[in-house]
Amino acid sequence: MTTSPRSRRESARAWGFLFPALAWTAAFFAMPLAIMALYSIWQRVGMKLVREPSLVNYEKFFAKSYLLQSLVNSIEVTAIVTIVSVLLAYPLAWILAEKVPPRWQRLALIMAILPFWTSYLVRSYSWLLVLSEGGILSNWLLAMGITDDPVSFANNRGAVVVGFVHFFVMLLTLTIYANLVQLPPSYRKAAADLGAGPVRTFIHVILPLTLPGIMVGAFLTFVLCIGDYITPQILGGNRELLLPQTIMLQIGRRSDFPMASALAMVLMLVVTVVYFGFARWLKLERM
Amino acid sequence: MTAFNRNIAGAAILGAAAVLAAGAAISPVAQAAEELNALVWCDHTDPALIEPFEKKHGVKVNLKEYEGTGAALAIIEQSRPGDWDVFVIDGVDVPRVADAGLLAELPADQMPLDDVFPAVQMRDVTIRDGKMYAIMEKFGYNVISYNKAKVDPADMRDLNTLWSDKYKGRIAVYDYYIPLMDLVALKMGMKPSDITADKLPAMKAELFKLKENSVMVGEVVSSTTALATGEADILIGGGEWAVAVMQAENPDLDWVLPDQGGILWSQSLAVFKDSKKKDLAIEFVKYVMSPEGQAHLATSSCFWGMPANAKAGAVLTDAQKKGLRWDEQEKFLANSHRYFIPDAELDGQMLDVWTEFLQH
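Quick note, the sequences are listed as chains A and B, same order.
Heads up, the first sequence stops at 428 in this note's numbering, and the numbers go up one at a time, no gaps.
Heads up, the second sequence stops at 396 in this note's numbering, and the numbers go up one at a time, no gaps.
Some hints here could point you the wrong way.
To be verified - Going by beta-carbon spacing under 10 Å, a handful of chain B positions derived as facing chain A:
1) A107
2) D129
3) A140
4) P143
5) A144
6) Q146
7) P148
8) L149
9) A233
10) K247
11) N249
12) G254
13) P287
14) L387
The set of hints was computed from the structure by calculation and includes no laboratory data.
Where a beta carbon is used, it is the ideal one built from N, C-alpha and C, also for glycine.
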């Protein structure tokens, strides 16, 4: 069966429109990923790069408990951040969508995303000034008489979680809000007509329908959080290492890109596994 | 070619042009003839240092800041030959970079080598096979910085105090394994150059104890912020570089060489072998090494450090010299050790120990 000239033209047009996206993905994702994968099976010996395939970097990662621990730490911190962010973002999105009058919603949204407008680095250092021993929080506790001595909340996992949650609550609020405002009021009225109270309506109607927004936001939070270097480096005080920090350690002085690449590939693998867990929700038409 | 194909081809050409234009725009290196591209530490980004040179020569100096020789080598690997002209590099890493064939020979007769403090000339690392590849421009110490309003200054002269319980939870640790493990070696009664693989288990135990006493481990900004905010009262691995900039605001911040000795850091200035503007690059080196350039570099807004050229003393103010402990340099230098640079295998083992320390 032969295709008609019109069909061929349409096909060519489609490929023409697709080309920039494909070229972009190939140049800035597929190719760098392939190079990184290749590097991960090479080795850095002294100043030289030994281009002989070997799994020695991966073996080292799984053999050294302190390297493997950085992956465990990353997964734990990311899971905590994602869950806490969802729990905080949902009520916020609900208030924005349901309680704020429509004419004020745009302004409220702008207020909600204001933290995005400042530099990520500055925001992290600002948290250090809030959480450190001489910081705003400690001084407030002293002034209120809640504590007699200065208290530090910085340089630990809790500070890292606070820094991350501050950022990602905004992201999640937006994705959940986008879902909530699309829900026709008639759904809730129908549920009420059928005798469902507000709690049952929320559990059986609202929550399932907003799950795609939650999942998209949660996945974005997970991906951005697990690969982040700045926040744990500034707020964590190196009390423990997360995987991105371990990756940077390989590069700082030794320029050991093969080992850094192997660790980055492990990180990619984790993100891929999580993607498949979220995949059923990550469809635009479900948003 | 159909109209549609022409449009696609046109779009492709425009796209390629846009990519090329974007590439040129985001390239770290601008290509104007009167521009100099320098790979530097943050102290070189102070306009007070750079602007006089730019005005005098009518050029623009493009500065790319980096931290860690490994990161610099990665940038160089990803650049084209000739992209970079001037290189600020850790003094002890000059042989590593010179042996890789990256550096041009400097005209020794045009360099103020005789004015450089003898203890930091380090001719054994800057001169290879009779050729001079770099000149030391600034130095200082990885020792102990502290807040004298919070701790007893006399305690800071003994490294052992930091391993006792007296200041538990009040110590910040500078996050760079070479000088910190060198300091641990001094605490253990060794010279940094005595570090060998069989000493690492004992050093690891010392590091673990230090971690238990510390409140945080951080790079330059984080560790100095810890001192500034009161999060920590002591910074091990600190020195003039960590507190001199802040002393005007907080005169209680001070630093000292412990009795066991200090670790001498040094930074040097070199010209890239493939530079297409070698004459201008050498002029830049000469300017930075002049007494005026040295005074600006020593008191850079990023971090302070001793100028390598002793003649900078005539340009620095008394207050600046006091902050740098100018008059005590002879004594400090006599009691300091250079960074111990291990071979690649031992370096990897030391980094493993440091990673374990951070994870502890």
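Results for each hint:
A distance limit of 10 Å between C-beta atoms decides the matter here; for A107/B the minimum to chain A is near 6 Å, and the interface restraint holds. Given hint, D129/B at the interface with chain A, holds; its Cβ is 9 Å from that chain's nearest Cβ, closer than 10 Å. Interface hint status for A140/B: violated, as the beta-carbon distance to the closest one in chain A is roughly 19 Å, over 10 Å. A hinted interface residue such as P143/B counts as satisfied when its beta carbon comes closer than 10 Å to some beta carbon of chain A; here the least separation is about 27 Å, so the hint is violated.
Evaluation of the A144/B hint against chain A yields a violated restraint, the C-beta minimum of about 26 Å exceeding 10 Å. Interface restraint check: Q146/B against chain A, minimum CB-CB distance 30 Å, threshold 10 Å, status violated. With its C-beta approaching chain A no nearer than about 30 Å, P148/B sits outside the 10 Å limit, and its interface hint is violated. For L149/B, the suggested interface contact is broken, since its CB lies about 27 Å from the closest CB of chain A, more than 10 Å.
At a threshold of 10 Å, the smallest CB-CB gap from A233/B to chain A is about 16 Å, leaving the interface hint violated. Hint status for K247/B: holds, given a least beta-carbon distance of 9 Å to chain A, under 10 Å. Interface hint at N249/B: violated, since its Cβ lies 13 Å from the closest Cβ of chain A, which is beyond the 10 Å cut-off. Restraint check, G254/B versus chain A: the minimum CB separation of about 6 Å is within 10 Å; hint holds.
For the restraint placing P287/B at the interface with chain A, the shortest Cβ-Cβ distance is roughly 17 Å, beyond the 10 Å limit, so the hint is violated. Evaluation of the L387/B hint against chain A yields a held restraint, the C-beta minimum of about 6 Å falling below 10 Å.
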